[in-house]
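Trainee: The primary structure of each chain is shown beneath.
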Amino acid sequence: MSRPNKGKVFSAVLIKDLRIELRSRVLTNQVLPFAGLVMIMFAFALDNDDVLQRVAGGLIWLATLFSSLIIIQRSFAVESADHALDSLRVAGIDLAGVFFGKAIALAIKLIVLDFVLIVTAMLLYRVDLTGPGLVLLVTCVLCSATGLGFVGTLYGGLTAGAKGRETLLPLLLLPVVAPVLIAATRATEAAFASGGAQTSEGWAWVGLLAIFAAVFGVGGSLAFGPLIDE
Amino acid sequence: MSRLINSKSATGTQATRVLGLLAIVVMLWVVVSGLVFTPQDVVQGESVRIMYVHVPSAWIAYLAFILTAVASASWLIGKKHSMGFDRFAGASAEVGVMFMAITLLTGSLWGRLTWGEFWQWDPRLTTTAFLFVTYLGYLAVRRLDGSAEQRARRSAIMALLAVLEIPLVHFSVVIWRSLHQGATVLNPSGDVKLDDLMLFTLFSGVVGFTLVFFWLVLHRQRTMLLVDVVNSRGLDAAIADRRAEAGN
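Top line first, the protein sequences correspond to chains C and U. Using my numbering, read the first sequence as starting at -16 and increasing by one per residue. Using my numbering, read the second sequence as starting at 415 and increasing by one per residue.
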């Protein structure tokens, strides 16, 4: 039997992860309500319409990061159960394909999450979005979600099956994704024109997000195999 | 290896004893000179004395993390995957984290006296804090279950990923905001603006801290070697016990 190429492994893992999500509905039944709850809690804590409007971008991305921890752990919990990851490893398939498959599946879930969070912010925090702002925001979400997908898959794979992974993953992941939080927040503020920010100011930050995604896409594809290798 | 295990002073050698003695002498000079001989600063007053600890500990922390990355890369690239590189990387990171904690602590105390605040959201401070947390994560990864080989591979990759991460974090925070005082000693113009004795004490501090760093790393990596040997012997003993039971 011939060894499947990277593209086939990628699409098989991507479709498998999305199919598991569609059947289990963990994203829609647990993660999205959690993220919505976090947005409401922020409003309780800050208790000021002007402040909420000003910091909406930051709150969206904080909620994204907290929720992404749950999504990443869920993504690898299904691999740890019944030693599915071991099966992938011993199957002799290209692990870079597995990495990209899981990362893009994760990114798609994060895009859905961000869409819901942005709509929630528009409704609850009364932020507005213009045409150019929408283009900037969509690009920002695509780049951020891709970068978070790569980093999340890398560190999720490392902590999969480890004792205390629930606490280890945030410790490893949150310092790494600080650039995503800063850049995505500034780009989102520019898209919402929060605090008088211009839409054009956001594109430089989107550039940083793209660099982050590229660096961890390349680094992750090289490191993922050796990291999960037993 | 057996000689090391059986020796009463297992992690010490003639070389480390000389190194330790030198470190004590230099550090004593730094303490006396820093607290007594050097004058107070025109602007910073007595708080400038914190710099004799703060600056060397920051330099040593960065040196430690660079050495961790180099040792990690050497482990990954080397055909023999010598565990000595892994132990050196781990020991260097542990000591580096300690020096980084000293840097953050002394920096906060200095900041309270000079800026009036324990903490400012300045790029260098913020990146340093991220670096500290990143290497705490690295040390947590080293403690994950698995064989010595697995530990070495995981932690070597983690150390190299940290090298990728730090410039990105630093760059993003630099654009975010900037306040930290510019480099006084390593400024690009080479125009050093310090009293001669103050500068000499600062360099003595760097030398003294470097000696302490290598003394700690040498002992720590030898302790790690002993732990690996004990673990390996424990496994061999357990296998021998099971075989003996099966034989009976």
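Calculated directly from the structure, the hints in this document are not laboratory data. The model shown is predicted, which means the values in this text are computed figures rather than measured ones. Treat the hints loosely; a few may be bogus.
Across the chosen pairs, the derived CB separations fall in these ranges [stated by the list, open to error]:
| # | chain 1 | residue 1 | chain 2 | residue 2 | range |
| --- | --- | --- | --- | --- | --- |
| 1 | C | W186 | U | E531 | 31 to 39 Å |
| 2 | C | G147 | U | G498 | 56 to 64 Å |
| 3 | U | L523 | C | I(-2) | 41 to 49 Å |
| 4 | U | A429 | C | S(-6) | 31 to 39 Å |
| 5 | C | P(-13) | U | V641 | 50 to 58 Å |
| 6 | C | L20 | U | V445 | 36 to 44 Å |
| 7 | U | F451 | C | N31 | 50 to 58 Å |
| 8 | U | V439 | C | W186 | 54 to 62 Å |
| 9 | C | D65 | U | A651 | 27 to 35 Å |
| 10 | C | A197 | U | R557 | 36 to 44 Å |
| 11 | C | V201 | U | W529 | 20 to 28 Å |
| 12 | U | L578 | C | G147 | 48 to 56 Å |
| 13 | U | L613 | C | L20 | 53 to 61 Å |
A short list of chain U residues far from chain C (calculated; beta carbon distances all over 10 Å) [to be verified]:
| # | residue |
| --- | --- |
| 14 | L449 |
| 15 | V450 |
| 16 | V456 |
| 17 | A483 |
| 18 | W533 |
| 19 | T548 |
| 20 | L550 |
| 21 | R567 |
| 22 | L575 |
| 23 | E579 |
| 24 | R657 |
Not the full set, but computed from the structure, chain C residues with beta-carbon under 8 Å of chain U [as the list claims (entries may be wrong)]:
| # | residue |
| --- | --- |
| 25 | A28 |
| 26 | L29 |
| 27 | L154 |
| 28 | A197 |
| 29 | G200 |
By construction, the Cβ of each residue, glycine as well, lies at the ideal position given by its N, Cα and C atoms.
Trainee: For every hint, state whether the structure bears it out.
Mentor: Outcome of the hint check:
no.: 1; hint: W186/C x E531/U: 31 to 39 Å; result: holds (34 Å)
no.: 2; hint: G147/C x G498/U: 56 to 64 Å; result: violated (28 Å)
no.: 3; hint: L523/U x I(-2)/C: 41 to 49 Å; result: violated (56 Å)
no.: 4; hint: A429/U x S(-6)/C: 31 to 39 Å; result: violated (58 Å)
no.: 5; hint: P(-13)/C x V641/U: 50 to 58 Å; result: violated (42 Å)
no.: 6; hint: L20/C x V445/U: 36 to 44 Å; result: violated (54 Å)
no.: 7; hint: F451/U x N31/C: 50 to 58 Å; result: holds (55 Å)
no.: 8; hint: V439/U x W186/C: 54 to 62 Å; result: holds (57 Å)
no.: 9; hint: D65/C x A651/U: 27 to 35 Å; result: holds (33 Å)
no.: 10; hint: A197/C x R557/U: 36 to 44 Å; result: violated (32 Å)
no.: 11; hint: V201/C x W529/U: 20 to 28 Å; result: violated (40 Å)
no.: 12; hint: L578/U x G147/C: 48 to 56 Å; result: violated (25 Å)
no.: 13; hint: L613/U x L20/C: 53 to 61 Å; result: holds (57 Å)
no.: 14; hint: L449; result: holds (36 Å)
no.: 15; hint: V450; result: holds (40 Å)
no.: 16; hint: V456; result: holds (37 Å)
no.: 17; hint: A483; result: holds (14 Å)
no.: 18; hint: W533; result: holds (16 Å)
no.: 19; hint: T548; result: violated (5 Å)
no.: 20; hint: L550; result: violated (7 Å)
no.: 21; hint: R567; result: violated (6 Å)
no.: 22; hint: L575; result: violated (6 Å)
no.: 23; hint: E579; result: violated (5 Å)
no.: 24; hint: R657; result: holds (25 Å)
no.: 25; hint: A28; result: violated (20 Å)
no.: 26; hint: L29; result: violated (19 Å)
no.: 27; hint: L154; result: holds (5 Å)
no.: 28; hint: A197; result: violated (11 Å)
no.: 29; hint: G200; result: violated (11 Å)
Against the hints set out earlier in the document, violations occur for numbers 2, 3, 4, 5, 6, 10, 11, 12, 19, 20, 21, 22, 23, 25, 26, 28, 29.
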